[in-house]
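Make a model of the complete structure from these sequences and hints.
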Amino acid sequence: MRDRGAPGDARLARDRERDGAADLTKSSGGSLFGKIWERHVVAELSDGAALLAIDRIFLHERTGAVALGSLAAAGRRVLDPRRAFCVMDHIVDTRPGRGDRTLMPGGQAFISETRRTALAAGLTLYDVNDPEQGIMHVISPELGIGLPGCTLVAPDSHTCTQGALGALAWGIGSSEAEHALATGTLRVRRPRSLRVNLTGRLAAGVTAKDLGLALIARHGAGGAKGCALEFAGEAVAALDMEARMTLCNLASEFSAMTALIAPDDVTLSYVQGRRHAPRADAWSKAAAHWRQLASDPGARFDEELTLDASTVEPMVSWGVSPAQSATVTGVVPGAAPQRPLAYMGLRPGQALRGLPVDAAFIGSCTNSRLSDLRRVAALLAGRHVARGVAAICVPGSSAVKRAAEAEGLDRIFRAAGFEWRESGCSMCFHAGGESFRPGSRVISSTNRNFEGRQGPGIRTHIASPETVAASAIAGSIADPRELVS
Amino acid sequence: MTPLTSITAVAVPLLLDNIDTDTIIPSREIRSTGKTGLAAGLFAGWRYQAPGGREPAPAFVLNQPRYARARILLAGGNFGCGSSREHAVWALGEHGIRVVIAPSFAPIFFGNCVRNGMLPAVLPAAAVHDLAQVIDADPQANPLTVDVRAQTVTLPTGRSWHFPLESEPKLMLLGGLDAIDLTLQMQQRIDAFLERDRLERPWIYLGTER
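Chains as they are written, first to last, in my numbering: chain A, 1 to 485; chain B, 486 to 695.
Quick caveat, the hints were computed from the structure, so don't treat them as lab data.
No incorrect hints appear here.
Here are the computed lysine to aspartate or glutamate pairs in the DMTMM-like style, where the Cα-Cα straight-line distance is at most 25 angstroms:
hint : chain 1 : residue 1 : chain 2 : residue 2
1    : B       : 655       : B       : 666
2    : B       : 655       : B       : 579
3    : A       : 285       : B       : 676
4    : B       : 520       : A       : 100
5    : B       : 520       : A       : 113
6    : A       : 285       : A       : 296
7    : B       : 520       : B       : 666
8    : B       : 520       : B       : 663
9    : A       : 285       : A       : 265
10   : B       : 520       : B       : 579
11   : A       : 285       : B       : 682
12   : B       : 520       : A       : 127
13   : B       : 655       : A       : 47
14   : B       : 520       : A       : 434
15   : A       : 285       : A       : 80
16   : A       : 285       : B       : 680
17   : B       : 655       : A       : 44
18   : B       : 655       : B       : 632
19   : A       : 285       : A       : 240
20   : A       : 285       : A       : 38
21   : A       : 285       : B       : 685
If you want it as structure tokens, here you go:
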């Protein structure tokens, strides 16, 4: 049985009762993933592969022009442009007063070509200074483009973020994007299934980011082996939507095909009323459908993992893969391989806490939403970043930025010594333009600490926004729990 | 798409786990909105002495004459993890690579390979290490033969390994098929699905619901 709705969810509860008859999904020991998959099968192909209907396609300016240009060159059209979207997020300038010009050499051509091809194809475009512009995986849920039970693809590996809605959302390449645009379908090999049971509750000062990093550190960057991963358990149910997005985002670093979380009252409360979410009768019908998507009690998974969330501590990466992470109070493992340590300028046994940092970055599709910025601002209030630390905050969307400003969060960030930027992917990755000072050690709320990810020679330590804030203030990697207590 | 049935070529080992697509082609090396002009950026961070430079780093395998004309790459587990950029496959292909052999692949990279006529062949880590060891003695004298139809990797000695390959990617590779063309042949099925689904899930079909 589901929990009763939280106070204030009476409307959702009414919807649930009224529409119990609208049975769109058979419940017969199916999993969340299986139910969405089966709903979208247009035709079975060989070996369990299927032609799957794709409900939503999202492009961005880094690769949008490649796919749309190639499609047009082949004389093909976008099947249903009303379900295809495009946003300028990857290489747009995030400094105030921006236009098409970007610090990335040649970047302007990516923006102008994507704009030209997206508009020619009839896509909905969130352009550089559109009030709804932002990082794809922030604005898609914000606008109700990604919905529970839908299939959504994008040429971006962090598309799995939107699985937090109970959507089947996954990253694809450019060729697959062309295929989805032209046919409204993809030929997909059915992945194996993995359920990750997250028991217990996170301790104070420990976040979904730490939970994800702890899981990856334990099982390796390839640990999910291409499976469709369902996050389940008490710890997941207790997360708000934005934290669930953070958790699902990290499935990409775990080599999962995608991640999903069953839609519940938290999900429906989040979705209801959003721009492209269904309304009135359509809402009732959709909500009833979504409530039946949760994995049935007898659902079977090819693999299962369990992690007790109450044992997780704030995590920080020490190497060049998210799997190379340890607790913030821990040390670089004694058996750590030489190559990443040489790149990171670390030695086995070295303590992470106290390691001096040159820069701090808050942003990315992992941790740039309003709740992230609120938690950081609570730590920054009345404090200042350490001398010599370059600190930058890039809100995840223009809407997040406006909402943060309406609450006065920007003033707290600025007073603490942070730059306050326009939204975009920004310095999560280096495209040849803006980077940190050469050789910088950066504490970052992003998702990847690969060699050169934030710029040649940049040493990236990924962590929760709280740990980034605490480290910026200390001038060295710090435990955020010490700031609270 | 150029079909791939079998290939006999020099193989080059790069046996690190979790080689990501940022490493295969750094974003800063992706300078045009096309699919070409990427070979020079392949492994740029490891292949050249300085960032943005083109002075070869002698220690990097792709710069070593003993591996000249390599068309097969041996790699570690979870190869191609990270960013979905198909440029990683295009850069490898432009450099001449047609086959990557690894214990496992990141899912998006695997799909990108197949869509571009490049074979991602999965062999156990021990087999990849054995292959690398034999090749290392004299790469030019120990070319590998990869047969897509038989799903085998074979050394000149005749020693052979079988790799798994599902029928869909196998047919795509052998035939050099275009996936969009294949799917468009099923247009009636797609139309039938959409007609039914529009009634059942009208909220999906934006712009038609009001």
